[in-house]
Structures are given as structure tokens and as C-alpha cells.
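Undergrad: Fit chain B to the known structure of chain A by using the hints.
Number of protein chains: 2
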Amino acid sequence: MPQKFEVHIIGCGSALPTRKHLPSCQVVDIRDKLMLIDCGEGAQLEWRKTGLNWQKITHIFLTHAHGDHVFGLPGFLSTMGLLGRTAPLYIHGPSNLQTYVEFMKAHFFPDFDYDIRFHAIDASLHQCIYEDRSMEVWSLPLKHRLPCCGYLIKEKPTLPHIRREMIDFYGIPTWAINRVKAGEDWTTPEGEVVPNSRLTTPADPVRAYAYCSDTMPTEELAEWCRGIDLLYHEATYAEGEKQQAERYFHSTASQAAATAQAADVRKLLIGHFSARYEDESLLLEEAKKVFPNTYLASEGMQVTL
Amino acid sequence: MPQKFEVHIIGCGSALPTRKHLPSCQVVDIRDKLMLIDCGEGAQLEWRKTGLNWQKITHIFLTHAHGDHVFGLPGFLSTMGLLGRTAPLYIHGPSNLQTYVEFMKAHFFPDFDYDIRFHAIDASLHQCIYEDRSMEVWSLPLKHRLPCCGYLIKEKPTLPHIRREMIDFYGIPTWAINRVKAGEDWTTPEGEVVPNSRLTTPADPVRAYAYCSDTMPTEELAEWCRGIDLLYHEATYAEGEKQQAERYFHSTASQAAATAQAADVRKLLIGHFSARYEDESLLLEEAKKVFPNTYLASEGMQVTL
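Protein chains in written order, with my numbering: chain A, 1 to 305; chain B, 1 to 305.
Okay, chain A solo, but in the shape it has when bound (with noise of 0.2 Å):
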């Protein structure tokens, strides 16, 4: 059974508030590591739904300094404080919005037990900026009004499984083991020649997520995001309001699916809704008949990858 590594989405609407959405904010769950994506308001409130524990969140990514992204972040780091969180916590955005993090400590947490590391990202680069053992984190350059970088979360590939019973069968020591794993055929005491093919099964496929919100269509992003498993995409306006969404540096929901046709993804989930969509069907709609596999977001849900 793979890893987990799922998306649940806390906020999917855009600058101004509905009865329907909260803005931007999502929680990536991979191996029970927790990590935020953009931190609107109202993101703490709905966090309590999700039933995830708070202390298991370990980075925050941000995408640009408008406020339907962070203005959740204060109260965010204001409730870890008070539930006495003591590990370090890194927060990774464009530059911009360094000096509001540590403005916002300054004034209102300035005692807290835990620190936040700041890092600061060139969103114009396409480069590695996290990683661990198990994944990577690599920032997308996105065309917005002001600095603003998605996020690409990709799984590292991972080794072949052995077959328990082939291993016992051909009673192989366990020093040996990690050779097999590695690729290794193995040969017995007697000379036979064990292919490696029958000691172990494919290692589990390599599963990469991509968050590109707030931006116009840009062709890069295919590019960045190829083949990958799922790839949330803004889709502010439907194709009646074209202009509006090239003037305010927005897609259509018929743009977002292009862009996952580009890029060839499996499964495309658009949200950042205009607040003048009372029902986003029309959204789903126009993309749909670019992108066939493509689904609305909405609060509380949750993808598995």
C-alpha cells in the first residue's frame, strides 16, 4: 500500500468572502507530515474540521503577499503558540512577505516558545527549495500582479519491493538485502543465477502534487508540471469574463484546462472561484470540455493521491 499524500482543501474562494468559501488555504498530508499552503482567513476555524493536529505541521508555503492568502497566517501561528508548540516552524514565501511575518511576532507573539524561520524565495526561479528524505518541494514561477511562486510537491523515487517469500525461499541473509532492493540479482551457494526480476515487484510510481494560484495561463507550467498526478489550478473567472481575468493577471477556468492538457496531467482540480459565481457548475463546465478529468474544489474536501 503507498505512502500517504493527500490534498484536503480548507479554502478554495478568492478576495472577497461568500457564504460559500473561505479563501486560499490547503493542508498537504504526505507520511503524516503536515504541510500549509497559502493561509487565508478563517483557515484556523476551518482547520478544526479537518480533525488534523495541529503540532504536525512543519513547513508553510505562501505564494504572494495578497491578503486572501495570509491573512489567516497570524491567527495560524497565534494558536500553535498557545497550544504550547515548541518545534521550530519554517514559513517559505517571496521575499515580500518576510517583514509581515516578522512584524506580526513582533507585535503579537513576541514570547512564544517556538521559533519561525523564515525563507525566502526568488519566485522567478523554477528550483528546488525543500527536501527531505521522502520528497521535494520546488517552486513555480507564476504570473500574477506581484512576486508569486506555486508549489510543486513530488514524492522521491523510491526502491523496489522485495518478495518476502523469494527471499526466504532462496533463503537470502539480510545483509544482502539492500543489494536485491538496489537492483542486485543474486546468486546462490550453488551457482544459480536468481534474476532480480523474481525477488522483488516495481517500486510504488513516483506521485507529485502542483498548487499554482493566483496566475495567468503561462506555458512553463506544462513544462514544470508534466504527467503529474494532481495539479490544483486557479480558475477565478469563467470565459465570459476573459478581460477581467487578463487585467487582474487571473485564468478561466477554460485557460486552467488547457494548461493541464499541456502539461498531461491526471486529474486537474480547479478553485480561487470569483465570489460573482453563486454555483461554479459553468466553471466546471468550460473546463471539462478541454480537460475531461477536471473537478471543482471545495471546502472540507479531501484528495488522495
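Some hints could be false.
A pair holds if it fits inside one copy or across any two, identical chains being indistinguishable in the list.
[To be verified] Straight line, CA to CA, 25 Å or less: simulated DSS-like cross-link-like pairs of lysine-lysine:
#: 1; residue 1: K56; residue 2: K20
#: 2; residue 1: K20; residue 2: K49
#: 3; residue 1: K143; residue 2: K105
#: 4; residue 1: K288; residue 2: K105
Hints in this document: simulated from the structure, not taken from any laboratory.
Quick caveat: nothing in here was measured; it's all calculated off a predicted structure.
TA: Frame of chain A, contents of chain B only:
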């Protein structure tokens, strides 16, 4: 019929978020002029449910620089800008909040078409900080861990009502009506003196509302709030957590009730409940033992004075 004077509860929880309560925020609607008191996270989302008009907010009164009272402010200010506000907005609060308001404006909405005018209040003084033709707002120094003031909103006395039918009966001319309103008797051309009491009915009683959060019990409060119609007083803890209340400069429900009793107010509304109480009926019971006319605040509640 008296003029409109209503209090809408937007949030009445305390620092830690719960599934039930939002942090502190209220709207006072006095003759269709809306004033916000405190602005905790999520206030603009809950505001949507009140059906009140964003553009009718003229003043915001902030009590102190704790996140659960002010983290919803940036979103609120931002949304008013996006909705096209042009009228200046007055924000009153202890002076250490001025930097916060100015920082947020400069970083997140420098281009909005309305002015934010911050009025720094000396939280240690009980004084009239704002008045218009029909009402006054007074600061109420509170005892908290940092400069903090509550607010007393009271109507100005009005003139008696003239009795239309008596004015007509005596043929009192228009120029004399204001004199009658001001208390003068009327002398008919025949020399008959008609006493003022026959020409008027008494003025509406002056109504007043006080918002007191966050604070530990303070004696002067009873003096300043004597006989008012409605007192909102924080009741963060039950009697069992009295030490906790003292340590963090908060009140228990009984202490809030004792203040209401000493001030001889008509009605007490308690709020700012600690997240530890799943069910606040314990707080209500404790308060009612001291001051029977006590009510629990709740989100969406609307009280007419």
C-alpha cells in the same frame, strides 16, 4: 417608536478557536449608523450573514492589541476597499494599535480609495472620545495585560415630543413650537397660560450600551455603567478557574455578574468564553445566581435596546 439601537454579536469566543465561537466582534447599529467593536478573525465572513450594509460602517472601536480582537481587521478593511468604499473610516483604539493598522494598509492595500483615520485613545482615561448629534462614545479603562479599553455608547438626551393635536387645538404657530419643545408654557392671545405638560409628552429615555472585554473585575466600571440598558462583560472562566482568570487578567462569570449588580444595569450579556467550555450553561448559572437578568451571547444574536 424609539430610534434603532441594536447590538449584533459577530463573535463571542476567546483566543483559541472552537467549532462554535468566533473571536470577538460586534456591530452596534444606532439609527442605521454602524459601528464595529473589535474585529477578530473571521468577522467579515460572519458579517455576510447579518445582511448589514458594509458601506454603513463609519467607525471601528478596538479594545486592545490581542490577536483575537484584531486579526479580522485587515480582511474587513480590504473587503470594504474591494467593494468600492470612498468614505473615510475612523478607527479608534489604544495607541499601540496604530502601527498595526498603518503597517497593514501600507503593505496590503496602499491604493484603496478611502482614508483610514486612526484615533489613538488613552486607555487609562474615562472620557468622551466621539460624539455626533445623537450619541456619545466614552472610553472605559479596563484592567488587562496591556492597555485595554471598553466602550460606552449612549444616546444624547432628546427633547420632549410635542402633542400634535394640542398644538393644533391652541393654534400654536410654527415659530413657537421649538420653545414648547424646550419646556416653555404657551400663553394664548386671550392670556390663558397652557402648562407645558399639556402640550408635550416626555422625551424618550436615554439608552446606553457598554462593551467591556477583556478585563479582570474593576470597581470603577460599576460607576461608569450605572443604570445602563445593556452591559456586555467578558466571562472567560467559571468560578472553578478563578485563579486562572486572575493570572490572565480575565473575569469569571460571577465577577461579571457582580459588576452588573453593582452598576444596577438592566441586562447583562456575557461572552468571551474560554474554549474549554463545551457548554456555557455553567457560566450562565453562576452569573444568574448573582445577577438574574443575565444572558449568554452567541454568534448571530441580535439585541434591541
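Undergrad: Report the numbers of all earlier hints that the structure fails to satisfy, in ascending order.
TA: 4
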